[in-house]
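Keeping their order, the protein sequence lines are chains A and B.
Quick note: the first sequence, position 276, residue 276 per the working numbering, numbers continuous.
Quick note: the second sequence, position 186, residue 186 per the working numbering, numbers continuous.
If you're looking for bench data, these hints aren't it; they were derived computationally from the structure.
Check the hints yourself; a few may be wrong.
To be verified - If the Cβ cut is set under 7 Å, some of the chain B residues that face chain A in the computed set are:
id	residue
1	L89
2	V102
3	K114
4	R115
5	Y119
6	V124
7	G125
8	R217
9	V220
Just so it is clear, the structure is predicted and the values come from calculations on it, not from any experiment.
For glycine and all other residues, C-beta sits at the position ideal for the given N, C-alpha and C.
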Amino acid sequence: MTAESTPVPAPPPAPPKAAPRRRDEGAIPSRRERSVPHAGWMVVAGKEFADHLWSIRFVILLLLLGLVALIPMYFAADTIRSVASQVTSSSSVFLFLFTLSPQVGSTGVQIPSALDFVRLAGPLLGIVFAFDAVNSERADGTLPRLLSQPIFRDDVINGKFAAGLAVIGLVLTFIVLLIAGFGIVRLGIVPSAEELLRITFWLIVTFLYIAIWLAFGLLLSVVARRAATSALVGFGVWLVATVFGGLITGIINGIVAPVTGSPDQVASAYSLQQTITRLLPDTVYQEAAYTILNPQVAAVSNPATIGGYQQAAQRIPSLQSFEQSILLVWPHVVIMLAITAGLFALAYVQFMRQEVRA
Amino acid sequence: MTAPSTRPVRKRIGRKGGASDREPGVTTPRVRAAGDDRPRAPIRTRGLTKLYGDLVAVDHLDLEVQAGEIFGLLGQNGAGKTTTILMLLGLTEPTDGQARVVGLDPARRPLEVKRRVGYLPDAVGFYSDMSGRDNLRYTARLNRIERDEAEDVIDEALEQVGLTARADDSTDTYSRGMLQRLGIADALIKDPDVLILDEPTTAIDPLGVTEILELLRTLVRDRQMAILLSSHLLNQVQSVCDRIGIFSAGRLIGQGTMGELAARFGEDSAHIEAEIEPPADAGPERVREVLSAIPGVTKVTSRSIHGSTTWNVTVKPASDDARVRRAILAAATSTGLDLTSVRPIEPALEDIYRRAVERAAHGHARDVR
Chain A
1 MTAESTPVPA PPPAPPKAAP RRRDEGAIPS RRERSVPHAG WMVVAGKEFA DHLWSIRFVI
61 LLLLLGLVAL IPMYFAADTI RSVASQVTSS SSVFLFLFTL SPQVGSTGVQ IPSALDFVRL
121 AGPLLGIVFA FDAVNSERAD GTLPRLLSQP IFRDDVINGK FAAGLAVIGL VLTFIVLLIA
181 GFGIVRLGIV PSAEELLRIT FWLIVTFLYI AIWLAFGLLL SVVARRAATS ALVGFGVWLV
241 ATVFGGLITG IINGIVAPVT GSPDQVASAY SLQQTITRLL PDTVYQEAAY TILNPQVAAV
301 SNPATIGGYQ QAAQRIPSLQ SFEQSILLVW PHVVIMLAIT AGLFALAYVQ FMRQEVRA
Chain B
1 MTAPSTRPVR KRIGRKGGAS DREPGVTTPR VRAAGDDRPR APIRTRGLTK LYGDLVAVDH
61 LDLEVQAGEI FGLLGQNGAG KTTTILMLLG LTEPTDGQAR VVGLDPARRP LEVKRRVGYL
121 PDAVGFYSDM SGRDNLRYTA RLNRIERDEA EDVIDEALEQ VGLTARADDS TDTYSRGMLQ
181 RLGIADALIK DPDVLILDEP TTAIDPLGVT EILELLRTLV RDRQMAILLS SHLLNQVQSV
241 CDRIGIFSAG RLIGQGTMGE LAARFGEDSA HIEAEIEPPA DAGPERVREV LSAIPGVTKV
301 TSRSIHGSTT WNVTVKPASD DARVRRAILA AATSTGLDLT SVRPIEPALE DIYRRAVERA
361 AHGHARDVR
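Based on the provided sequences and hints, a complete structural model is requested.
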């Protein structure tokens, strides 16, 4: 017996015991008609979302993130008081809450700003809510049962991704509201309309950044058979990308684009180095977030020629409008969206091609 | 479709297609679609084949399961039972051949098929942080069953598998057998036309198994379901299945009722058990003589328990079984033996199965050479 498709003679026809029925597109009529769900992913997402909210990891993450967001706040508030007197002209005092990396009293120890902190811890949030999405269903033997329900196979992975996005949105909104509320209460600053817009846009950018890691976690949960494996790989990549990422790109920069030669060569080397650094999602995120939260930032890319530097030096420092800031970071937003979509597509394709049986 | 003669047929459709009890006379050629001259079996495969690389998991499978019957798939681990089931559900695409479940191609229209087919997977699992009832509620939601209706359906299903008392406990406190019962309840939630059960009773205790098998018989009788179950527990398959298919290395090496299988794979011999006491003036040798003298008897053995002696008579060919039994009765009266009982011994599926697999293995080896 081989792979050849040898035609098999049809089994001898059984005596016609029954009268043929009306042909309903070939289906044998069912006893009771019930509509087939069109939006199976919403049912899956609803269940997953509820699971996340009741899970211990959600409670722990919320407590941890809330606490860690409040600590820089506390010290930032002191710093902002002293800075505020110098920047009264600026309309962005409220945004300092997010971008200032405060010093602890007189010790000189610098605490990462809320922005840096989100950049570091955000990926964790994404991975934690996705690393066991598919492989735990496999391990528990619930996947065949789930897939035998009248839903499409991709409803499962779509629903899980949607639920993860919803939880991330929830947690992020919570943190931003916490920081904002803290600022209003402790500093007595009320954000202006533009500041609110900027914070909202920052929220969206952050959401996209974490979505990258959620999609990555999902991909791991599809590829790795065991939840422990995907967690380990996920956290490993997170560590490499966010903590050692700068060091690694530094080495690559030194080899690929050494800073030597004429001023123009130096300028183009710097430009290339920036491009290399931008291969890390957290660089992309940091640039975008910093630009959004800092109206002073007028350019995100280093000039590629020495003339560009001269021009930049001559520019009169001014505040960018919200629209101008968005224009600056639009490519960043698109890149993050593309990475998320790419990773999710990979996870999706892998999941669709896998056998149901482990 | 205006022919008045189709009207009674349609009425039966509404009730559900009980295909087996139809009279051939009802047939109306005018409504018959071309080539559709057979009863529509809820499960039907033709030349169904699945390859994993070079490995032939399922090899040109022709299978039919009618409404109102339990079909048992028998085979060793890795014989292709689960792969077949996954193809029937549209969870795996066949390499070749076709399958029709409730008249639809599972690979093309998986949603409609899965809507109407209840499935109990091998080693079924549930979300361990949810109660049994909540797990079933999720299934009901996935099947778009209205909330109120779902509660009734869930209660009924839990009652049927005997889990009502533990329904609100978290499923990680359930035993393996309870999970399997919950799995059967889960498959019943959607009120299926076809039930596919992969090893439904492996972990259930003997008393529970009887209950489950009775439940399956009830479902087949009252709801005219078609049930396909796979198992390696031969006596259970024998006791509950109307027809049996023996699977080996991806091929269906035999299918039919117990009798048909016995005729095909048996040694063509039947066994009769008789309790006979020798007359007072003679020893057991006298009984053996009498029994051996009957034409068709090839072997006579005896064993004694608690003073009474049971004789095991082997008859060849098997079709002589009834004649030999009558002959024993006649011989007992004419020779004055004290006969207390004569009964035929049902062929054991185990023997048939073993012989079928052996024969297939030899045949296969010859094919290869």
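>> Just to be careful: measuring from the Cβ of K114/B to every Cβ in chain A, is the smallest value less than 7 Å?
In response: holds, 4 Å
> At a threshold of 7 Å, is the proposed contact between V102/B and chain A supported by beta-carbon distances?
Replying inline: holds, 5 Å
> Can V124/B be said to touch chain A, with a Cβ gap under 7 Å?
Replying inline: holds, 6 Å
>> So, as I understand it, the hint says R115/B touches chain A; can you test that by seeing if any CB pair is closer than 7 Å?
In response: With a minimum Cβ separation of about 4 Å from chain A (threshold 7 Å), the hint on R115/B holds.
>> A closest beta-carbon separation below 7 Å is what the hint needs, so does V220/B meet it against chain A?
In response: violated, 14 Å
> Does the CB of R217/B sit less than 7 Å away from some CB of chain A?
Replying inline: violated, 19 Å
>> Holds or violated: the hint that Y119/B contacts chain A, with Cβ atoms closer than 7 Å.
In response: holds, 4 Å
> Does L89/B pass the interface check with chain A, least Cβ-Cβ distance below 7 Å?
Replying inline: Holds: closest Cβ of chain A sits about 6 Å from L89/B, inside 7 Å.
> Against chain A, with CB atoms and a cut of 7 Å, does the hint on G125/B hold up?
Replying inline: Holds - the Cβ of G125/B comes within 7 Å of chain A, reaching about 3 Å at its closest.
Hint compliance for this structure: hints 8, 9 are not met, and every other hint is.
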